[in-house]
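J.: Residues per chain are reported as follows:
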Amino acid sequence: MSSGLLFACVGAILFAMGVAGVVLIAHLLRRILAFNVMGSGAFLILVGLAQRYDFSDPVPQAMVLTGIVVAVAATALALALVRRLHALTGKLELPTDGT
Amino acid sequence: MIWLILLPLLWASLAFISGEGRGKWLAIGGLSGQTWLAFDLAQTVGAGGVAVEHLVGGWGAPLGIDLAADGLSAAMLVLTQCVALPLAVYAGAYYKRGEVAGAYFWPLAGFLIAGLNALFLSADLFNIYVTLELVGLAAVGLVAAGGGAQQVAAALRYLFATLLGSGLYLLGVALVYGGYGTVSISVLTPLVTSEAPRLMWIAGGLMLIGLMLKTALWPFHFWLPPAHGGAPAPVSALLSALVVKASFYLVLRLWIGPFAPLVAAAEWLAWGPAVLGTLAILWGSWQAIRAERLKMLIAYSTVAQLGYLFLIFPLLTGADAVQAGVMQAFAHGFAKAGLFVAAGVFIKATGQDTVAGLAGTVDRLPITLFAFGLSGMTLMGLPPSSGFLAKWLLIETALDRGYWWLVLVVLAGGLLAAVYVFRVLRQAFLQAPANTSLAAVPRTLEWTAFVLAAVSVLLGLRGVELMQLVGVMR
Chain E
1 MSSGLLFACV
11 GAILFAMGVA
21 GVVLIAHLLR
31 RILAFNVMGS
41 GAFLILVGLA
51 QRYDFSDPVP
61 QAMVLTGIVV
71 AVAATALALA
81 LVRRLHALTG
91 KLELPTDGT
Chain R
100 MIWLILLPLL
110 WASLAFISGE
120 GRGKWLAIGG
130 LSGQTWLAFD
140 LAQTVGAGGV
150 AVEHLVGGWG
160 APLGIDLAAD
170 GLSAAMLVLT
180 QCVALPLAVY
190 AGAYYKRGEV
200 AGAYFWPLAG
210 FLIAGLNALF
220 LSADLFNIYV
230 TLELVGLAAV
240 GLVAAGGGAQ
250 QVAAALRYLF
260 ATLLGSGLYL
270 LGVALVYGGY
280 GTVSISVLTP
290 LVTSEAPRLM
300 WIAGGLMLIG
310 LMLKTALWPF
320 HFWLPPAHGG
330 APAPVSALLS
340 ALVVKASFYL
350 VLRLWIGPFA
360 PLVAAAEWLA
370 WGPAVLGTLA
380 ILWGSWQAIR
390 AERLKMLIAY
400 STVAQLGYLF
410 LIFPLLTGAD
420 AVQAGVMQAF
430 AHGFAKAGLF
440 VAAGVFIKAT
450 GQDTVAGLAG
460 TVDRLPITLF
470 AFGLSGMTLM
480 GLPPSSGFLA
490 KWLLIETALD
500 RGYWWLVLVV
510 LAGGLLAAVY
520 VFRVLRQAFL
530 QAPANTSLAA
540 VPRTLEWTAF
550 VLAAVSVLLG
560 LRGVELMQLV
570 GVMR
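One line per chain: the protein sequences are E and R, in this order. Going by the working numbering, the letters in the first sequence line up with residues 1 to 99, in that order. Going by the working numbering, the letters in the second sequence line up with residues 100 to 573, in that order.
There's no promise every hint is true.
Which bits of chain R does chain E cover? Going by a derived footprint, with three or more residues having C-beta under 8 Å, they are [what the hints assert, rightly or not]:
1. 306-320
2. 407-415
3. 472-480
Partner residues aside, some chain R positions facing chain E, computed with beta carbon under 10 Å [what the hints assert, rightly or not]:
4. W102
5. L106
6. F225
7. G235
8. L263
Calculated Cβ distances over 10 Å to all of chain R for the following chain E residues [said to hold, decoys possible]:
9. L6
10. C9
11. V10
12. H27
13. S56
14. V59
15. T66
16. T89
What the hints contain is simulated information worked out from the structure, not anything from laboratory work. Even glycine gets a Cβ: it sits at the ideal position worked out from N, Cα and C.
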C-alpha cells in the first residue's frame with residue numbers, strides 16, 4: 001500500500017467517525033469537534049488520493065488550504081451560536097421538541 | 100460577469116462598515132445594477148447561443164478560477180436578482196430603525212447574494228464547494244438574526260445540516276480529483292463514461308446525498324420548517340425562494356453534466372430522487388394543511404414544492420425536462436417569496452403568527468390578501484401562471500415517456516396545494532371578533548408582496564423566452 005493510499009484510508013475512517021459524531025452526539029461542543037474531524041478526513045483523502053506520482057501536486061494542497069479557511073469560519077460561527085444558546089438557555093444541547 | 104459577484108460583496112461590506120441597520124439604499128442601488136447585469140448576460144447568452152466564459156484575473160485553471168455562464172446559469176442569475184430586488188425594498192420598510200433583528204440584515208443578505216451569484220457562475224467543482232459554504236454560512240447568520248433562543252436553535256440545526264451536506268459534497272470532490280486529476284466540469288464531462296471506476300459512483304452518490312440534504316428533499320427536510328418558519332419574513336423569503344434552489348441547480352448541473360453517463364448506465368438510479376420527491380409533495384402538503392402557524396404552513400409548502408423539482412430526474416434524458424425544472428424553480432421562487440412577504444404583512448398587522456388570527460384581514464389588507472391568492476394560484480398551477488406552465492411541461496414530458504403515475508402525483512400535489520391555500524383565504528374572509536384591531540402597515544410592504552405574486556403569475560405568459568435561454572448549454 002502506497003503512502004498516499006494509506007492517507008486516503010485513514011481519511012475515510014476519520015470522515016466516517018466525524019459524520020457519525022455530527023449525527024449522533026447531542027452535546028454541541030463535541031458535535032462541532034466532530035465536524036472538524038469530518039473535514040480533516042475529507043482533506044486527507046483529497047491530498048492522499050492525488051499523490052500518485054513522485055512529485056507532489058500543488059492543486060489539492062491549495063484546495064485544502066482554502067477548505068481549512070472555510071472550516072475555521074464555520075467553526076467560529078458555530079461556536080458563536082453555541083455561546084449565544086448557552087447564554088440564553090444555560091444548556092449545551094439543542095431543545096428536543098423540534099421547534 | 101465578474102461584477103455580478105463583486106457588486107454585492109462591495110455593497111455588503113459598505114453596509115457592514117456604515118453600522119447596524121444601515122445600507123438599505125446601498126443594497127437597493129447595488130441590486131438594481133445587478134439586475135441589469137443579469138439581464139444583459141442573459142441577453143448575450145440567449146442571442147449568441149453559446150456559453151460565456153471569464154478567467155478571473157487572467158489566471159486560467161487549474162490555479163486560477165474560471166467562471167462560465169450558459170443558459171441555465173443565466174436563468175438562475177436572473178431569478179436571483181429579480182427576487183432579491185423587491186425583497187430589498189420590502190426589507191427596507193419591514194425593519195424599523197434600531198430593531199435587533201434587522202441589525203445585520205443588509206451585510207448578510209449581500210454576502211448571501213454574492214455567494215449565490217458566484218455559485219451559478221462557477222465552472223469547477225471545488226469553487227462550487229466554497230460558494231456553497233458561503234451561501235450556507237450567510238444563510239445561517241440570517242436565520243440567527245432574531246437572537247432569541249428558538250432562532251439560535253433553528254440556526255444551529257440548520258448549520259449542522261448544511262455543514263454535513265457540504266462535507267459530503269467535499270468528499271465527493273476529493274474522490275473525483277483522485278480519480279481524474281481535475282475538478283473542471285467542462286474537462287470532466289467528456290472523461291466520464293459509463294465504464295467509470297467504482298470511485299466515481301461513490302463520489303456521485305455522496306455528492307447527491309449532500310446536495311439533497313441541502314435542498315431539504317424529504318426525508319432530509321427536518322431542518323427547513325423551523326429555520327424558514329422562525330426567521331423574520333424577508334429572511335424566510337430569501338431562504339425559501341433562492342437558497343434551496345442553489346443546491347437544486349447544482350444537482351441538475353451535475354446530473355446533466357459529468358454524471359450523465361453513470362445515470363444512463365443505471366436508469367433505476369434516477370427513480371430514487373423522483374420517489375423521494377413524490378413523498379415530499381404528499382407529506383409536505385399534509386403538514387401544511389395541518390399547520391397552525393401561518394409561516395409554518397408556508398414552510399411546509401416549500402418542502403412540498405421542492406418535491407416537484409426532483410420529479411424531473413427520470414425524464415432528464417431529454418432537454419425539455421430541464422426546462423420544466425427551471426420553470427418550477429422560477430414559479431416557486433417568485434410565488435414563495437410573495438407568500439412569505441404577504442405573511443410578514445399579516446403578522447405585522449395582526450401581531451400573531453397563526454392562521455386563526457387572520458379573520459377579518461380581507462377588509463383591511465385587500466392587496467396583501469390578493470397577493471397571497473395570486474401566489475397560491477401559482478402553487479396550485481392554475482393557468483396562466485408560471486406554475487401552470489411548469490406542471491404542464493412536466494406532465495407533457497412524463498406522458499411522452501409513458502410515466503403516467505408522475506402525472507397523478509403532479510395533479511394530486513396541485514389539489515393539496517389548493518386545500519392549504521384556500522384554508523388561509525377562507526380564514527381571512529371570516530368576520531373578525533369584535534375586539535380585534537389591526538396595526539397600520541406601510542404601503543410599500545403590501546405592494547412588494549403584490550409585485551412578487553403578480554410576476555409569478557405573469558411569467559407564464561413569457562415562458563418561451565425563458566425556455567429558449569435554458570436551451571443554451573455549456
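J.: If a hint holds in the structure, say so; if it doesn't, say that too.
T.: Results of checking the hints against the structure:
1. 306-320: violated (count 0)
2. 407-415: violated (count 0)
3. 472-480: Three-residue rule not met by the segment 472-480 of chain R, so violated; n is 0.
4. W102: At about 23 Å, which exceeds the 10 Å cut-off, the nearest Cβ of chain E leaves the hint on R/W102 violated.
5. L106: Violated - the Cβ of R/L106 stays beyond 10 Å from chain E, reaching only about 22 Å at its closest.
6. F225: This hint holds: R/F225 lies near chain E, its Cβ roughly 5 Å from the closest one there, short of 10 Å.
7. G235: 8 Å, holds
8. L263: 5 Å, holds
9. L6: Holds, since 14 Å exceeds 10 Å.
10. C9: 12 Å, holds
11. V10: Consistent with the label, E/V10 stays out of reach of chain R, its closest Cβ about 13 Å off (over 10 Å).
12. H27: Label holds. Min Cβ-Cβ 12 Å, cutoff 10 Å.
13. S56: 13 Å, holds
14. V59: 5 Å, violated
15. T66: 6 Å, violated
16. T89: Check fails; 5 Å does not lie beyond 10 Å.
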